[in-house]
Amino acid sequence: MSRPVSEQDRGGVITIMPIASTDAELVAGILAASEVKPAWAARDIATFIQQPGVHGFVASYDDYPAGVLLYRLILPEAEILTLGVAREFQRRGVAAALMAKLHVKIKAAGGEKVFLEVAVNNKAAEELYKNLGYISISTRNNYYRVGDYFINAEVFCKNLIKKRVKKASH
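Numbering (our numbering), first residue to last: 1 to 170.
Don't read these hints as lab results, they were simulated from the structure. Watch out, some of these pointers could steer you wrong.
[Claimed, not checked] Taking lysine-lysine and the DSS-like style, the derived pairs with C-alpha atoms no more than 30 Å apart in a straight line are:
| # | residue 1 | residue 2 |
| --- | --- | --- |
| 1 | LYS101 | LYS158 |
| 2 | LYS101 | LYS113 |
| 3 | LYS37 | LYS162 |
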């Protein structure tokens, strides 16, 4: 499915395409090659992407499947359901490219806010979201199961609509 990427490959071309209903195996493979847990089965993904309001993108890095993002849009809000980048393509701009595409699509559809949650031990994802302007709004205690224990999730939000500041008249 993919190949190792060396440091000199950092300038690779990232291509992002909408997820099609026939992409369930591809999506499951990318998520399995990423840090996303629990793993999503292809049959569950196939059912899920048929639901109203569910959309997504697949990212390729130099024509190799590299990342996936699934989201639900119920105007005026969107929720990122999962974002995964295959380990060998991490830190190459794939997640940021998927997020940029997401923001454009949601704004074009009339969306105003995006929500997501991230495991508190996923510092790389947390850093990405903060760098993209997301702010932490709450914590979900014991949200993710990791083996025989649970960890918290931090809930983040980003407003896509810039609020206009009224100038004071004197």
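For this session: For the pair we were handed, LYS101 and LYS113, check the Cα-Cα distance against 30 Å.
Result: Measuring from Cα to Cα gives roughly 15 Å; hence the hint holds.
For this session: Could you grab the alpha-carbon distance between LYS101 and LYS158 and see if it respects the 30 Å cut-off?
Result: 14 Å, holds
Problem set entry | Hint consistency between LYS37 and LYS162 [alpha-carbon to alpha-carbon, up to 30 Å] | 34 Å, violated
Hint 3 from the earlier list is the only one contradicted by this structure; the remaining hints agree with it.
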